[in-house]
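Student: From first to last, the protein sequence lines stand for chains A, B, C and D. Residues 1 to 431 (my numbering) are what the first sequence spells out, left to right. Residues 432 to 862 (my numbering) are what the second sequence spells out, left to right. Residues 863 to 1293 (my numbering) are what the third sequence spells out, left to right. Residues 1294 to 1724 (my numbering) are what the fourth sequence spells out, left to right.
What the hints contain is simulated information worked out from the structure, not anything from laboratory work. Since no wrong hints were added, every one of them can be taken at face value.
Examples of chain C residues lying across from chain D (beta carbon under 7 Å, computed):
(1) Glu951
(2) Leu1115
(3) Ser1116
(4) Pro1233
(5) Ala1251
Only a predicted model underlies this, so the values are computations on that prediction, with no experimental measurement involved. Just so you know, even glycine gets a beta-carbon here, dropped at the ideal spot from N, CA and C.
Number of protein chains: 4
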Amino acid sequence: MQGGATARLPDPGEGLAARYSRVRAGTMALAEGLSAEDMTVQSMPDASPVKWHLAHTSWFFETFLLTPGLPGYRPFHPSFGYLFNSYYEAVGARHPRPMRGLLTRPGVAEVIAYRRHVDEAMAALLAQGREEPAALVALGLAHEEQHQELIVMDLLHLLSLNPLAPAWKPMRRPAPCEADPGRWLSFDGGIRSIGWDGSHHGSHCGGGFAFDNEGPRHEVLLRPFRLFSRPVTNGEWLAFIEAGGYGEPSLWLSDGWAAVQAQGWQAPAYWRRRDDGWTGFTPAGDLPFDPDAPVCHVSFYEADAFARWAGKRLPLEAEWEVAAEGLEPAGNTLGSGLLRPAAAPARRDGRPGQMFGDVWEWTASAYSPYPGFRPAAGAVGEYNGKFMANQMVLRGGCCATPDGHVRASYRNFFYPHQRWMFAGVRLAEDA
Amino acid sequence: MQGGATARLPDPGEGLAARYSRVRAGTMALAEGLSAEDMTVQSMPDASPVKWHLAHTSWFFETFLLTPGLPGYRPFHPSFGYLFNSYYEAVGARHPRPMRGLLTRPGVAEVIAYRRHVDEAMAALLAQGREEPAALVALGLAHEEQHQELIVMDLLHLLSLNPLAPAWKPMRRPAPCEADPGRWLSFDGGIRSIGWDGSHHGSHCGGGFAFDNEGPRHEVLLRPFRLFSRPVTNGEWLAFIEAGGYGEPSLWLSDGWAAVQAQGWQAPAYWRRRDDGWTGFTPAGDLPFDPDAPVCHVSFYEADAFARWAGKRLPLEAEWEVAAEGLEPAGNTLGSGLLRPAAAPARRDGRPGQMFGDVWEWTASAYSPYPGFRPAAGAVGEYNGKFMANQMVLRGGCCATPDGHVRASYRNFFYPHQRWMFAGVRLAEDA
Amino acid sequence: MQGGATARLPDPGEGLAARYSRVRAGTMALAEGLSAEDMTVQSMPDASPVKWHLAHTSWFFETFLLTPGLPGYRPFHPSFGYLFNSYYEAVGARHPRPMRGLLTRPGVAEVIAYRRHVDEAMAALLAQGREEPAALVALGLAHEEQHQELIVMDLLHLLSLNPLAPAWKPMRRPAPCEADPGRWLSFDGGIRSIGWDGSHHGSHCGGGFAFDNEGPRHEVLLRPFRLFSRPVTNGEWLAFIEAGGYGEPSLWLSDGWAAVQAQGWQAPAYWRRRDDGWTGFTPAGDLPFDPDAPVCHVSFYEADAFARWAGKRLPLEAEWEVAAEGLEPAGNTLGSGLLRPAAAPARRDGRPGQMFGDVWEWTASAYSPYPGFRPAAGAVGEYNGKFMANQMVLRGGCCATPDGHVRASYRNFFYPHQRWMFAGVRLAEDA
Amino acid sequence: MQGGATARLPDPGEGLAARYSRVRAGTMALAEGLSAEDMTVQSMPDASPVKWHLAHTSWFFETFLLTPGLPGYRPFHPSFGYLFNSYYEAVGARHPRPMRGLLTRPGVAEVIAYRRHVDEAMAALLAQGREEPAALVALGLAHEEQHQELIVMDLLHLLSLNPLAPAWKPMRRPAPCEADPGRWLSFDGGIRSIGWDGSHHGSHCGGGFAFDNEGPRHEVLLRPFRLFSRPVTNGEWLAFIEAGGYGEPSLWLSDGWAAVQAQGWQAPAYWRRRDDGWTGFTPAGDLPFDPDAPVCHVSFYEADAFARWAGKRLPLEAEWEVAAEGLEPAGNTLGSGLLRPAAAPARRDGRPGQMFGDVWEWTASAYSPYPGFRPAAGAVGEYNGKFMANQMVLRGGCCATPDGHVRASYRNFFYPHQRWMFAGVRLAEDA
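Please model the entire structure based on the sequences and the hints provided.
Tutor: Spelled out as structure tokens, the structure:
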């Protein structure tokens, strides 16, 4: 089986060591087909070299599990703690992010050796069968899965800047919606609960893992609302373009309009206008425009402008979560192949389909702490909390998200101008 | 009477024409003591020349009321529509904001003539006694009051960059809190209503004006919480500085820590470390540090870091509004003199004091539309809605806010890195 | 008499005190017609506010003559030494150049009082009739004359950015060349001497002043060359534009082509394309295009590209000086009125006309020290020498240069991308 | 034999085909020891990836010789003309210079295949034994040798930014001067000739090649002068540092002082202050400070400031060339090994030693066209002429310059702030 982020599907009953092996192998499988050159270059400060992702995810286990927890463990290299720390201030100084692409050494081979060194030590640690490290290992694996998605995003961005428009390899893409003409699904208002149940927080028991920012579970007050049964499609977006949406300031937030002008946006990222129509740049290279597939690689500003143009709005994250609760992320049930079966259309029971695993869906909610949120103690507490400003929440996971990684309570977040992730739009309206 | 933004106090029973005269005169009174040089220079892109404020507020009446509504009205100058449009895309092209300070012509005298021209025409318009323009006139006057505060902010920023540290004139300052040692006031949770009652929206009847972003009134779900009875003081902030708060990354949001490093922040804006202690730069020049006065000129990032250091948090805007409802803004009851009597300490009835008119209080709430919010039709709809991204809500008004301008539902908003407004901090915690 | 930089013509026999009074009065006469607003704003880092020029030229006398040389002299203000130092590192710290426009205080009136204070003290100093200060006074007056020209340049740049295109006042303009169809004048090669004769260096005796960078006089080896009898005209430049000169990279130096693209140059500075033809922005406002007048406000890059397009080259500064020797600068003989008589056409004796006082003429020579050049001792030694890198020499003076200021050996210098001075082009070729 | 830029020494009698093979092999030999990662990354806009150099030098032969001159030649790849054009506007559009490092594809292996493809076709072309292409081939080889030096410079800069301070491989370094305590050598003034004799221009006959910017040969007028017998050493530079040279503005050109402050210069590039003294970063990694070796990696600004501090000046390029005429570049006679014998000290005949092959020596001469200079016709005419602005001439070649590449008339040029080339200083003074 090709593509996706993992070579094997998660097994509900797998043990922690097996899971560790599976996820780590999935990262390496993902890198197949990339040259040393591809894995070294950094295309923008927001992105990192693939090589850096391979090393940083290992650094996480070394720093938070092996060094403090495995007696006699020797770090692979005295400088890697400096080179491969991402943003943990409490851990010490680090190599500046915009300069990650200057590190031609260590090379890819040495980074792979680093991974092996860490994997062997982790095997020893996990073989001890101790209970305490389980939560941190689960966190490390979830972290690694996030970087699997980042590898796809960052590599796609890098290749998109190459005039040769090189193809990497076929990968899972957002499933087309042709089976779903779309309809409005209604939800009641009232007091509802959202967020991860804190009692399982940080635990891997029964697959019950969540990031700290997903909790605590808490009550919210919703007004009756409607969600559309599927994401906005490329075809619908083309209508927005052709209606002059990118040239009409009244549709845009002020900061969004400034971005349109400064960046010269005229279409989603990676769209290219050819003589014979539009194409979209993907891991498999430039592909013809599919009007039925969900639109992808749009910023929050674009999503918001589209919704205004359509006379609708973006959903609140709480609305999204309430609608998604009880739905299974597609990956868990449908498998993940190169040509994934189209996600289920709007279900008979009135729930929307395609909420998971096609495109991250921008919400109207700024990324803020939930009531009662407290970051974890220690350096890992820097994981999510310190980013709770200036970003917007996205929900649902995308085609590049590893199977089993997302859930209804999952909160992703990006700055409103960013477009290199697989982000799309679902419309909402007041009932 | 000296200082403040207005020369006369609002009278609950005053008619629209009288109110127009009072507010417009207040703007001119504010400019007293400024030279043509002072009124011409722009100190940063965020700020505007005083002269520009004088002209732009007149442009507002000319554009939205006189040109469409007064038969035979002749615009004062054919280019002023271009020069003094701030950001209304629907009105047409405009002079770029960062270049406002290059306009040495028209000079101050011509701008004052422009004001007179507009005032005479507005007198004619208001003398017609028609009902329809009332809401727009009220909006124009509220807009002018906002620019009165901006004049103080912008001029203070300009003078702060002058090595001579020149004094402008004595003005109202945040009232010291020495009468209030501070205590925690508890509030119940549950479903509460906040926001302006839409039925009066945009109307001036009975003083009942509110900006569009204050509504619609809607229900929110609050958890039990506590607010401190007064804002954080300079003395408390000094303790934060001396404890190394500006050097400890774990206290800061990631974007905030980046701002600390890029800007070299070590204290609030306008604080200066002298051999014999700190001073603060004010409209009256450099003044000695008052440990009992509310801290002022801090960014959201600093407010948030301080709260984290103190083991507390910032209030949500809904919490703030619930606590403030029923309180009268100080200006309405206490008058506004140079040496304003200290605001009332925490009231016997368990309400906090000093919620209005000393410092804008940063909240933890991102500036978003209320449920059901719709901007006004036409160009004035660009007033507030298009800024609903990337900014944080502040509440309560400050010493530079004209009397009668704020209310419990008033939502001010700034970017989290900005510091030139009179912004301070009130602490909150979960009950 | 109106216009020009000085209100009175220099008198060969005038004493130093009279000359001081004349030059200083000329500066004030120049400022007539400017508002306080006009005199305060800084339009770009390269330019300074008029008010700053008025103060800085006074600072020069205060710092280098009064404080060290007039017993009992009290500086006007303790901070002016900091505020109005331009670039003399040896004198101490100074206000950053790009922030000169933020100084709304001192205001224009106070700066004029400063000038009077200095003038009175200088009168006392000069009344002592001592010999030693004469050279420094002459330097200070030449310095003041340079700032007279800068006032015109800087104010013109400021007004050019105003959408109202305001006129300041009529001024002398480059004399049209209609009397001179142009012809090539030949000069012999061989060893020639150029540069100011050091024996008179820095002295005012007999009007014999020169800046340090004009000497020592030294021999150069020239090859036979030809100079065109007059500068390139607007009409000739229009032909270059219409031939696509601004779009053809092969005509441009690499750095010049980068400037064309980065700045979007399509014509000289201040040219504006109207429906009915080109205009040029001048101190008298937008004026219709005069095809016979020398082209003005072009950068070195443009001058060089034009010459390449014409199959010619720019003259070396030594070629220019040899051709100009023996010619009297026009101002000395022709007076300087608003409508100056056309400069003499190519003379019967084979010398070119119009070499002085119309437009500064770019040369092909980088601004370097002459052999044996040594800066003056002390802070005034920073006057010219430290700028001898990255700039190109211009010769001849322009319409904004005060009468009597230039001479054949005069070396002006600007960066090759700069255009706000009155700079034009004279063509040369090998014989 | 290791190091240097070429694996074999030039043989005076070698034919063009043999020379082609030798030079091209030398480039590949130079790349030995570099990983694909090393060869892909671009460390700054001024530098290029090694891979790009390998491809661009092949592009030169393909574009200027094979495509126009070898019947039936098929370009290796239709996009390489776009990707690997450096700056030839006449050849068409090109990939932006600052984005060269984003081209992970084509990979190193494909670039090497490109080189082979070109080499085979060039062999066929050269086997035809035609006369006409000889000059262009010689130019292409000289061009390739320049890129050999750029490879060393650019790779050194890249590795210098790696916190691991990785060593590449031992290479020839500037020869220490311990055999030469130094003395002043006097030269007469008068009319002298410099520059390449045009009759051999562009020809490879008898090794007689020169770049277009070295001619025409022409007369210059020199005054008597003295040159120091050897370059300034590290030890002498350390004295400058310790005397506070980097902190004393009076020693610096104005633009130079601005660079010192903006860049934070406190020592030459690649110097690092350790607890136990200074080291210098070299292709062989960090090496201890050798006080007798010529100082290297200094900017023009630093060279100029040092000379002023020493009470001397930099030589004019004509002075340098006159002194060097008749001297053989060291590489031709002494061989080029890893540990090259110290260059000859000042010769008995009064000529300075060590003028070639250790460090490029900054001159006081701006890079300008010689009298009568005309660029070659066609796109290759963009080779040197269009850079004749804003740069300074350096003379003599350096340790990274391929043997046989330089000569007395050779004119190298860099911007005055640049430091990543192997640039040093020789002092001069008036006699």
